[in-house]
Structures are given as C-alpha cells and as structure tokens.
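Given the structure of chain D, go ahead and fit chain E onto it with the hints provided.
Chain residues, written in single-letter form:
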Amino acid sequence: MGNVIVVTSGKGGVGKTTSTAALGSALAERGQRVCVVDFDVGLRNLDLVLGAERRVVYDFINVAQGDAKLAQALIRDKRIETLYLLAASQTRDKDALTDEGVERVIGELKQSFDWVVCDSPAGIERGALLAMRFADQAVVVANPEVSSVRDADRIIGLLDSRTQRAEGGQRIDKHLLLTRFDPARSARGEMLSVADVLDILSVPLLGIIPESEEIIRASNLGAPITMNAGVSPAAKAYRDAARRLSGETLPIAMPTEKKPFLSRLFGRRAA
Amino acid sequence: MNLLNLFKSRGGTAPVARERLQILLAHERVRLGPQDLLARLRDDLIATILRHVEIDPEKVMVKLDSDAAISTLEIDIEIPREKIVGDGKRRPLGDGELSAA
Numbered sequence: 001m002g003n004v005i006v007v008t009s010g011k012g013g014v015g016k017t018t019s020t021a022a023l024g025s026a027l028a029e030r031g032q033r034v035c036v037v038d039f040d041v042g043l044r045n046l047d048l049v050l051g052a053e054r055r056v057v058y059d060f061i062n063v064a065q066g067d068a069k070l071a072q073a074l075i076r077d078k079r080i081e082t083l084y085l086l087a088a089s090q091t092r093d094k095d096a097l098t099d100e101g102v103e104r105v106i107g108e109l110k111q112s113f114d115w116v117v118c119d120s121p122a123g124i125e126r127g128a129l130l131a132m133r134f135a136d137q138a139v140v141v142a143n144p145e146v147s148s149v150r151d152a153d154r155i156i157g158l159l160d161s162r163t164q165r166a167e168g169g170q171r172i173d174k175h176l177l178l179t180r181f182d183p184a185r186s187a188r189g190e191m192l193s194v195a196d197v198l199d200i201l202s203v204p205l206l207g208i209i210p211e212s213e214e215i216i217r218a219s220n221l222g223a224p225i226t227m228n229a230g231v232s233p234a235a236k237a238y239r240d241a242a243r244r245l246s247g248e249t250l251p252i253a254m255p256t257e258k259k260p261f262l263s264r265l266f267g268r269r270a271a
Numbered sequence: 001m002n003l004l005n006l007f008k009s010r011g012g013t014a015p016v017a018r019e020r021l022q023i024l025l026a027h028e029r030v031r032l033g034p035q036d037l038l039a040r041l042r043d044d045l046i047a048t049i050l051r052h053v054e055i056d057p058e059k060v061m062v063k064l065d066s067d068a069a070i071s072t073l074e075i076d077i078e079i080p081r082e083k084i085v086g087d088g089k090r091r092p093l094g095d096g097e098l099s100a101a
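As given, the protein sequences belong to chains D and E, one line each in that order.
Residues in the first sequence are numbered from 1 upward in steps of one, following this note's numbering.
Residues in the second sequence are numbered from 1 upward in steps of one, following this note's numbering.
Mixed in with the good hints, there may be bad ones.
Listed below are several chain E residues computed to face chain D (Cβ distance under 7 angstroms; list not exhaustive) [to be verified]:
| no. | residue |
| --- | --- |
| 1 | Gly12 |
| 2 | Ala14 |
| 3 | Arg18 |
| 4 | Leu21 |
| 5 | Ala26 |
| 6 | Leu38 |
| 7 | Asp43 |
These are computed hints drawn from the structure, not numbers from a lab.
Even for Gly, the Cβ is constructed at its ideal location relative to N, Cα and C.
Just chain D, same shape as in the assembly (with noise of 0.2 angstroms):
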C-alpha cells in the first residue's frame, strides 16, 4: 500500500507547488512509483511546472464524480517512467470534490502507487482539507518569514485534528520543509534562522531549501528542478529530502552563503 503525502502551508507562494513536484520526481527517480495530485481546483499549476499542460485530457474531478477512469486521467511523465501527474480541475468549483470521492480515487491510487504526493492549495477551507484529509505523511512548507511561519502553525493544528488519521487516534507524521532560505541574510539575522523556525514549530526538518534561481528557471521550462538543474543546490537538498521521506538518515546540510572570492578562500567549505 502507497504512501499519502500532503504538502501543505496554509500561506500561498511558499513553494507547495515546486517542492510536490521536485519531491515527487526525487522520488520517481529512484525506482519508486509516484503519483502527483493537484487538488487546486480551479487554479492547477502543478501540471505546467510538470510540462505536462497539454496534455491533461481527464482531471481528479472526473475520477472522484466517475465521468472517467483513474487510468485515463493519469498523466505519466515522458522523462521519469514511474512519475505520474492527476490534474486539478481548470473550470469546476471546488465543491464538486467530495470526501467520499477523494477517499476512493486516494483508495485506488495507494494501490498501485508507492507514493501519492498530494499538492494542498493555500488557505485553510475545504479545499486544503480534503488535500490533508486522507494523509499519513505532511510535509509544511513554510519560508523563515513570520506570516509563513504562523500560517504554518495553523496548518500543524489542523493536521493534529482534521485529518482522518488524527480523527482515528493515529498519529500524522509531520515535517518541515524550510524553502526559500537564504543564507546569507539569514546569517546577518535579517531573516529568522533554522533553529528559530524549528523551535516555534517544534516539527521536525525534512530539509533546507535555499533560495535559487535555478527554480523559476525550472518551471520556465516545465520541468521540476530536480530534473533541470541536477546539480543545484536547490535539487540536492530535495533530493536529500526524498531520501529522508523514504526513511534513510541523513545529516541535514545547512546552505551556506556564495561568498566572494577572498572570503572563499578563508572561510568554511560549502556543505
């Protein structure tokens, strides 16, 4: 039986779409079946950072409400054999899914694949809970940035009692995605640290994304970062992260800043 992931944040544009996808395809890489879910209705995104826009045919609402098969909406990707993407719906409104209707299309999909990554839409209503509803496993993604620290809180509370695994007496494992972290303001305290967000959060860290370019660059082209820039940064600590999803332990590299030359030569190694 599959693996239900939910990436969540409650705050939008902390990075939910780029780390599923990044995340997903990790994992894909390494031989592991994977089904991405959008479960943004009305604003899919996670297709075009996929590059698989033009060929959504079949979306997660036609599987929940039986208009098609699960088979005929599952995109799979040209690049990663064992990736697979189920589209958000563009045009219905978000109340056309249905608990009863995600459970079983999540039902069907935890049978065939090793992981099921589901994309939260921001916020907290119905849309955000239907995504955390059926989750054994979250990932918050939050920034070092206070909004997107409190947000997550939020979302932390309602993975603690909203969840069908919660409801039962079960646990949900929760971790932390810190994204967009820069090293070097961090390290001038203009930015909230790794420790402080840990702290406030008390979750434990999945990984440290730092700040890259080599992202936008990557959903320019429809492709998730792990793919198009391999040997980013950015790519390794998800990669990494994927690796500690699936259970191996790894020491978490704190990102260090690109320091000029001089400093280079003096200072530390970058980890």
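What follows is chain E alone, placed relative to chain D:
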C-alpha cells in the same frame, strides 16, 4: 542610492520576528486550538481507562471552562456497574475501584 547606507550597521530584525511569533502563537494555539486539545484529551482518557475498565466511548464527556483567572477541566465518564476487567472475566467493582459517576 545612499552610499552611507552601506556603512551603517543595522541590527538584525530576526530576533524581533522570533519574539513576536512566540508571543502570538502562544495565544493563538490556545484560542484556535481548544477543540483540538479537548479531542486529544478525550481520546487519551478513553484509551487509558479502556486499559482497565470497559466503558462506552460515547459516554465520556470532557469539558473545558475558563474564566479570567483559571481554567477547569471537567471529565464525566459513565461506567457500567459490571464490567470486563483486564483478564476478560466479568466481576463487580470492588471497593476503592472506579465507581460509576
């Protein structure tokens, strides 16, 4: 651009952010999360009691009241007169054991 800014050392604002968040979230967790707290308390209480006494989870009431000064936690659990104890044998409650509310 003011060149002087390059030389002006401004203290980091992260400590302020951290402190504001800590204070804010301490309040919000209480204000926005009481139902969650109650649900978890209720589940834990039921699980603990079920290890010793068979009860009907439906008949467990947990209530949290708070006024300006104190909070009180009220727990009301209905326990049937006869119940199954750990070894599976039915027996009436002895003195000093939990008695029906």
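**Q.** Per-residue hint verdict: E/Gly12, partner chain D, C-beta under 7 angstroms
**A.** OK, holds: E/Gly12 within 7 angstroms of chain D, min 2 angstroms.
**Q.** Closest C-beta approach of E/Asp43 to chain D relative to 7 angstroms, hint status
**A.** 5 angstroms, holds
Q.
Tell me if the interface restraint on E/Ala26 is satisfied: Cβ within less than 7 angstroms of some Cβ in chain D.
A. 10 angstroms, violated
**Q.** Restraint check, 7 angstroms cut-off on beta carbons, for E/Arg18 near chain D
**A.** 5 angstroms, holds
Q) Taking the least C-beta to C-beta distance, is E/Ala14 closer than 7 angstroms to chain D? A) 5 angstroms, holds
Q. Against chain D, is E/Leu38 within 7 angstroms by beta-carbon distance?
A. Violated - the Cβ of E/Leu38 stays beyond 7 angstroms from chain D, reaching only about 10 angstroms at its closest.
Q | Interface hint outcome for E/Leu21 [beta carbon to chain D under 7 angstroms] | A | Hint holds; E/Leu21 Cβ to chain D Cβ min 5 angstroms, cut 7 angstroms.
Hint violations for this structure: numbers 5 and 6, all remaining hints satisfied.
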